[in-house]
Amino acid sequence: MTAYTVSLDVETMVKLKRFVGRISPGWLADQREDLTQMAAIKILRSGRTDLPNGLLYRIAYSVVIDEIRRWRRRNEVGMSPSMPDRLANSDELTPETRTRGAEIGAILVSSLAELNDDRRRAVTLYLQSHSIPEISRILGCNRKRASNLVYRGLEDLRSELLMRGLTP
Amino acid sequence: MTDPTQDDPLRFAFAKAFEDARPGEDCPGADQLWGALHGVSSVPERLLIVDHLSLCPVCAEAWRLGQKAHALTEAAV
Numbered sequence: 404m405t406a407y408t409v410s411l412d413v414e415t416m417v418k419l420k421r422f423v424g425r426i427s428p429g430w431l432a433d434q435r436e437d438l439t440q441m442a443a444i445k446i447l448r449s450g451r452t453d454l455p456n457g458l459l460y461r462i463a464y465s466v467v468i469d470e471i472r473r474w475r476r477r478n479e480v481g482m483s484p485s486m487p488d489r490l491a492n493s494d495e496l497t498p499e500t501r502t503r504g505a506e507i508g509a510i511l512v513s514s515l516a517e518l519n520d521d522r523r524r525a526v527t528l529y530l531q532s533h534s535i536p537e538i539s540r541i542l543g544c545n546r547k548r549a550s551n552l553v554y555r556g557l558e559d560l561r562s563e564l565l566m567r568g569l570t571p
Numbered sequence: 146m147t148d149p150t151q152d153d154p155l156r157f158a159f160a161k162a163f164e165d166a167r168p169g170e171d172c173p174g175a176d177q178l179w180g181a182l183h184g185v186s187s188v189p190e191r192l193l194i195v196d197h198l199s200l201c202p203v204c205a206e207a208w209r210l211g212q213k214a215h216a217l218t219e220a221a222v
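Those protein sequences? They're chains C and U, same order as listed. In my numbering, each residue carries its 1-based index in the first sequence increased by 403. In my numbering, each residue carries its 1-based index in the second sequence increased by 145.
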């Protein structure tokens, strides 16, 4: 991808490489060196080299996300989505869910669209493994309301899935 | 919602939707996703981002990676 090498100080480059490695999904593992270089170019272009860790993470994140979107636009199929280890290894997953996951996922996304706005937002964050306190913070409401929206929203979502022939 | 694993099949399916998805022209930038995750953006802006996540598995994937980065950032600072 990159035909040349740019460099910041060694400590920053080591951190960038580590951050890119932590953020990028497994299927992008071969690209991590290039992604680190792209992040370094971004930093050099910003004119700042004394960036705190939080900002280095943000730049690494931005480079990784842009790359994922490029791959998706090129129609590279068969990529494994990132998900917490707990979820990937969950005993709750049936063989059918594992093998038909993408198909069920597409139905799930269309079912979500049928929920009212507040419930859909809360359930979306819940499906992203956010806790109730995190959901309340992101949505700007109190925890009781966030919990209620998730609970009612999940009920609605299950009804929608049943109507589409899926038993959640 | 007392058992955190109870809805794992739904979470798994939501993540797997990414495999067949394509980004659209109206996808928020990585900086916007980051801002919403870190509470930098306003509540109305965050709601717009969450609305988009419910429709776009590619951005939902980016959000999950951002969650991981968010946790790591907190640990690193």
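It is worth saying that the hints were derived from the structure and are not from the lab. Just so you know, these numbers come straight off a predicted model, no measurement behind them. Hints may be right or wrong, so weigh each one.
Stated by the list, open to error - From the structure, some residues in chain C lie toward chain U, with a derived Cβ separation under 7 Å: (1) Lys445; (2) Ser465; (3) Pro484; (4) Pro498; (5) Thr500; (6) Gly508; (7) Asn519; (8) Ile541; (9) Leu565.
Beta carbons: idealized from backbone N, C-alpha and C, even for Gly.
Just pull the numbers of the violated hints for me, sorted ascending. Of the numbered hints given earlier, those the structure breaks are 1, 4, 7 and 9, listed in rising order.
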